[in-house]
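Undergrad: What follows is the residue order along each chain.
2 protein chains.
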Amino acid sequence: MPFKTPYYTVIFTNRLKELDADQKKHYDILSDRMVELATKEDGYLGIDSVRDDTRAGITISYWSSLESIRKWKSNTEHTFARNKRDTFYQHYQVKIALVEREYEFSLS
Amino acid sequence: MPFKTPYYTVIFTNRLKELDADQKKHYDILSDRMVELATKEDGYLGIDSVRDDTRAGITISYWSSLESIRKWKSNTEHTFARNKRDTFYQHYQVKIALVEREYEFSLS
Chain Z
1 MPFKTPYYTV
11 IFTNRLKELD
21 ADQKKHYDIL
31 SDRMVELATK
41 EDGYLGIDSV
51 RDDTRAGITI
61 SYWSSLESIR
71 KWKSNTEHTF
81 ARNKRDTFYQ
91 HYQVKIALVE
101 REYEFSLS
Chain E
1 MPFKTPYYTV
11 IFTNRLKELD
21 ADQKKHYDIL
31 SDRMVELATK
41 EDGYLGIDSV
51 RDDTRAGITI
61 SYWSSLESIR
71 KWKSNTEHTF
81 ARNKRDTFYQ
91 HYQVKIALVE
101 REYEFSLS
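Respectively, the protein sequence lines represent chains Z and E.
Using the numbering used here, you'd call the opening residue of the first sequence number 1 and step up by one each time.
Using the numbering used here, you'd call the opening residue of the second sequence number 1 and step up by one each time.
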């Protein structure tokens, strides 16, 4: 589903460390919680997320306003504090972008 | 490596069909060729690409100008024509976004 442009997107590129089963379970809980917090914000539009077998991941969330992103960031920082991030991620980058144009192709 | 803002990004979200070995080989060649064509454009900055075991993929390329994206799009359309896309993708979406801000965290 295409969103009405212009809108904002948060691009999160990352690679997880090699986590043991308990760490992975903890990570999955925190990760699900971040998505849940996003869906509660008025300006949340959607999310796409992929992780491959080398533990590289890209998560893209879509937002109608920067203000919604700010609120989400503030809420998630209590849940997924910086020191916890150090535990899970080998590296990550966050980019905030304005989507000006999009086009879609789908057979489904 | 963070890029100097503002810059552009092309966000390609997709899911491949279930391809047989020959189709997959053909797809990989075309896919590599698209990346190769990108690296030849002056405004190309970089690329991130992840595909999971459900065949869902996200590829994000980074560009210093819209003009470079237009040239790449024009060149790739000869290589990876619309009818070939229908062969490989269950669905895909392309978004062109302006990256206004980014921040980075890395242990490596």
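Read the hints as simulated data drawn from the structure, not as lab findings.
Just so you know, not all the hints are guaranteed correct.
Since copy identity is lost for identical chains, a pair holds within one copy or between any two.
What the hints assert, rightly or not - Here are the simulated SDA-like pairs of lysine to any residue, each with C-alpha atoms no more than 25 angstroms apart in a straight line:
hint, residue 1, residue 2
1, 84, 102
2, 4, 28
3, 71, 29
4, 4, 92
5, 40, 90
6, 4, 62
7, 24, 52
8, 84, 68
9, 4, 23
10, 4, 15
11, 25, 90
12, 4, 22
13, 25, 102
14, 71, 2
15, 40, 53
16, 17, 80
17, 4, 52
18, 17, 67
19, 4, 90
20, 84, 2
21, 73, 53
22, 73, 96
23, 4, 46
24, 84, 101
These figures come from a predicted structure and were not determined experimentally.
Undergrad: Hints first: check each against the structure and report whether it holds.
TA: The hints, checked one at a time:
no. : hint     : in the structure
1   : 84 / 102 : between (35 angstroms within a copy, 20 angstroms between copies)
2   : 4 / 28   : neither (31 angstroms within a copy, 33 angstroms between copies)
3   : 71 / 29  : within (20 angstroms within a copy, 43 angstroms between copies)
4   : 4 / 92   : between (28 angstroms within a copy, 17 angstroms between copies)
5   : 40 / 90  : neither (29 angstroms within a copy, 30 angstroms between copies)
6   : 4 / 62   : both (11 angstroms within a copy, 22 angstroms between copies)
7   : 24 / 52  : both (15 angstroms within a copy, 17 angstroms between copies)
8   : 84 / 68  : within (23 angstroms within a copy, 39 angstroms between copies)
9   : 4 / 23   : neither (38 angstroms within a copy, 35 angstroms between copies)
10  : 4 / 15   : between (31 angstroms within a copy, 22 angstroms between copies)
11  : 25 / 90  : within (17 angstroms within a copy, 31 angstroms between copies)
12  : 4 / 22   : neither (41 angstroms within a copy, 38 angstroms between copies)
13  : 25 / 102 : neither (36 angstroms within a copy, 29 angstroms between copies)
14  : 71 / 2   : both (24 angstroms within a copy, 24 angstroms between copies)
15  : 40 / 53  : neither (30 angstroms within a copy, 29 angstroms between copies)
16  : 17 / 80  : within (16 angstroms within a copy, 35 angstroms between copies)
17  : 4 / 52   : neither (30 angstroms within a copy, 28 angstroms between copies)
18  : 17 / 67  : neither (31 angstroms within a copy, 38 angstroms between copies)
19  : 4 / 90   : between (35 angstroms within a copy, 23 angstroms between copies)
20  : 84 / 2   : between (34 angstroms within a copy, 22 angstroms between copies)
21  : 73 / 53  : neither (28 angstroms within a copy, 29 angstroms between copies)
22  : 73 / 96  : both (12 angstroms within a copy, 23 angstroms between copies)
23  : 4 / 46   : within (12 angstroms within a copy, 27 angstroms between copies)
24  : 84 / 101 : between (35 angstroms within a copy, 23 angstroms between copies)
Comparing the model with each numbered hint stated earlier shows that hints 2, 5, 9, 12, 13, 15, 17, 18, 21 do not hold.
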